[in-house]
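J.: The primary structure of each chain is shown beneath.
Number of protein chains: 2
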Amino acid sequence: MTDFRWDKLATDGMSRRGRLHTAHGPVETPAFMPVGTAATVKAMAPWDVAQTGAQMVLGNTYHLMLRPGAERVAKLGGLHRFMAWDGPILTDSGGFQVMSLAQLRQLDETGVTFKSHIDGSTHALSPERSVEIQDLLDADVTMQLDECPPAGWPHDKVADSMRLSLRWAERCQRAFRERPGYGLFGIVQGGVYDDLRRESARELSAMDLPGYAVGGLAVGEGQAETFRVLEVTCPELPADKPRYLMGVGRPDDIVGAVMRGIDMFDCVLPTRSGRTGQAFTARGPINLKNARHREDTRPLDPNCDCATCTTFSRAYLHHLIRSEEMLGPMLLSRHNVHYYQALMAGLRGAIERGELTEHAQALAEGWHAGDIPPIDA
Amino acid sequence: MTDFRWDKLATDGMSRRGRLHTAHGPVETPAFMPVGTAATVKAMAPWDVAQTGAQMVLGNTYHLMLRPGAERVAKLGGLHRFMAWDGPILTDSGGFQVMSLAQLRQLDETGVTFKSHIDGSTHALSPERSVEIQDLLDADVTMQLDECPPAGWPHDKVADSMRLSLRWAERCQRAFRERPGYGLFGIVQGGVYDDLRRESARELSAMDLPGYAVGGLAVGEGQAETFRVLEVTCPELPADKPRYLMGVGRPDDIVGAVMRGIDMFDCVLPTRSGRTGQAFTARGPINLKNARHREDTRPLDPNCDCATCTTFSRAYLHHLIRSEEMLGPMLLSRHNVHYYQALMAGLRGAIERGELTEHAQALAEGWHAGDIPPIDA
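So the protein lines, in turn, are chains A and B. The numbering of the first sequence is full-length UniProt numbering, which starts it at 1 and goes up by one. The numbering of the second sequence is full-length UniProt numbering, which starts it at 1 and goes up by one.
Misleading hints may appear alongside valid ones.
You can't tell identical chains apart in this list, so a pair holds if it fits in one copy or across any two.
Unchecked claim - Straight-line distance between alpha carbons at most 27 Å, and here's what the computed DSS-like set of lysine-lysine pairs gives:
{"no.": "1", "residue 1": "K289", "residue 2": "K75"}
{"no.": "2", "residue 1": "K157", "residue 2": "K289"}
{"no.": "3", "residue 1": "K115", "residue 2": "K289"}
{"no.": "4", "residue 1": "K42", "residue 2": "K289"}
{"no.": "5", "residue 1": "K241", "residue 2": "K75"}
{"no.": "6", "residue 1": "K115", "residue 2": "K8"}
{"no.": "7", "residue 1": "K75", "residue 2": "K157"}
{"no.": "8", "residue 1": "K115", "residue 2": "K241"}
{"no.": "9", "residue 1": "K75", "residue 2": "K42"}
In short, the hints are calculated from the structure, not lab data. The structure presented is a predicted model; accordingly, all values stated were derived computationally and were not measured.
Sequences are here, hints too, so could you generate the full structure?
T.: Below is the structure:
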């Protein structure tokens with residue numbers, strides 16, 4: 001059996017090139033995890049996800065505990081078998097989505113109770129139950145239950161919330177069932193307050209957890225604040241443990257976070273954007289709905305070797321999106337996840353070569369160049 | 001260049017095992033063509049369609065003339081390149097869908113005018129324009145424009161309509177641009193009236209067209225009527241030309257029609273059913289939405305070797321359909337089209353062996369046996 005561990009293979013400034021070992025195989029870091037909300041990365045079969053180069057996916061505890069239910073997934077052999085994903089899976093704690101999706105939620109020291117947004121049934125999520133659910137799902141990485149304060153909260157409220165999350169981290173650590181290849185991550189909170197972020201990171205570091213996440217930074221505080229928080233937080237975290245920035249983000253957010261010492265990411269952006277016709281390319285995001293693409297025989301991204309770009313024209317993708325054909329979201333989600341994976345592979349190579357700054361500069365120049373001009377322009 | 005022709009390889013009673021040669025390759029018959037309405041077989045990538053064993057797909061002239069437009073498809077290199085389908089394509093004439101989908105339609109001797117259901121724009125479809133559009137799309141098989149009378153019309157109205165379709169067939173034949181590997185099919189009409197079906201079939205046969213369709217039989221007249229019309233019609237058609245039953249049908253409809261001399265089929269049923277959670281199996285249709293499947297770890301159809309059945313459990317498919325996840329329709333459409341293709345392959349083999357009657361009997365017994373019992377029953 002594999003020990004759960006993260007090996008540092010190379011560094012470049014604050015950035016790290018590593019390898020996470022889990023019960024379901026290794027993950028090259030920096031890594032991007034596509035989000036498999038309800039046991040499926042939306043509009044993609046698991047073999048499509050694997051073909052993009054993704055090694056690890058994220059599952060949402062909130063969605064899965066409500067439907068089909070954690071005990072049911074366990075009975076069916078665990079989440080890997082259920083969704084036919086053989087690679088590692090990280091599950092969130094459910095806390096973030098309880099606060100954003102559920103109804104009539106009430107939070108106190110013991111945990112949070114809420115009504116399901118699906119059928120109105122009442123549920124409770126404590127640190128212990130969250131860990132138990134993630135165990136039932138058979139997650140390779142379990143996330144601690146935390147409270148994620150909204151942007152704009154004052155220092156004293158964020159301080160109380162952050163310390164609640166610390167106490168919950170300890171309860172999660174006690175509840176976590178140790179076994180080879182499985183790990184529990186603590187989550188640094190503290191909003192935009194440097195002293196609180198430092199306190200949270202130090203207290204969690206003292207717990208010697210298998211990994212650490214930075215939470216509370218995909219709630220509208222802006223890229224500059226995110227980067228500043230990472231600059232304050234990352235140096236406080238153990239150098240030999242993986243660091244995961246939750247829910248982030250756009251390609252330039254990811255590059256900046258890698259340069260500040262982050263190893264793992266997840267975000268719905270590539271799949272959600274794909275469903276609305278937006279695609280990420282080496283020359284920035286483009287919207288396939290735009291009429292400029294309707295007779296464009298060129299691929300979406302001439303630099304991309306995904307099945308979408310090597311098979312279809314922009315004109316066809318435009319047609320699918322305009323016609324609301326399911327194949328549109330299918331092909332664009334696939335391209336976007338592929339784009340994110342290629343981005344991560346590029347970052348890993350640049351760190352190995354000690355050229356991350358130059359590489360990031362070249363990426364930014366491409367994004368700012370804007371889309372290739374229309375054929376008849 | 002390949003001549004457009006159909007080779008008869010074997011017969012068993014009225015049924016025929018053959019091979020259709022087209023500009024884009026051969027099609028083993030009896031064949032089922034998945035419907036690629038708007039230049040996509042819904043919820044399936046073209047490589048998924050090919051993997052089911054399908055060799056030929058159908059495109060809808062009505063949808064494509066409105067969006068993206070026939071001239072635009074031609075400019076983009078034709079329908080094959082546009083949708084990345086290298087195999088043969090048959091397009092319908094647009095007439096049937098004008099009558100079922102368009103608004104403010106007016107039909108006279110010259111053709112039909114209508115308003116688009118998408119944007120209200122006015123369009124005209126004459127026999128000549130229908131052939132021209134299908135030429136612009138680069139269809140391997142072009143269908144004549146016809147009028148498809150609704151079920152329940154009296155003899156005299158159906159007679160007038162059938163003779164209008166005959167005059168339109170002649171105009172389509174004059175308008176059709178002959179080239180190697182491309183063929184025009186006439187359409188037998190005449191409703192449920194034997195004398196009219198015979199007259200239509202004889203007049204069309206005298207035109208020596210590359211192929212013949214039987215139209216007007218997917219409009220609610222019932223299986224017994226359909227079979228009776230085929231028994232009247234098929235003997236009147238040339239023995240050396242392919243016969244295509246339009247818009248049919250369920251697996252048992254197809255088996256019965258093959259036994260009465262039909263070679264080609266199309267139907268939205270496998271893909272449309274897939275999108276609502278219904279799946280075809282060796283033991284009849286089942287609805288994955290049903291709660292009986294929610295903890296069933298067995299494959300949808302244990303006899304099926306498609307990617308859906310070899311990878312996922314019924315429990316997972318149930319979860320996807322209940323959660324309205326796009327992967328549900330993707331996986332079920334794929335299975336259903338695979339099921340239809342396997343059905344056709346089975347029929348072809350049975351005709352070759354001269355065992356079609358026994359084979360049809362065995363299929364029917366399976367369908368009537370009903371679904372495998374629940375695990376805990």
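J.: Under the constraints set out in the numbered hints, which ones does this structure not fulfil?
T.: Per hint list: 2, 5, 6, 7, 8 violated.
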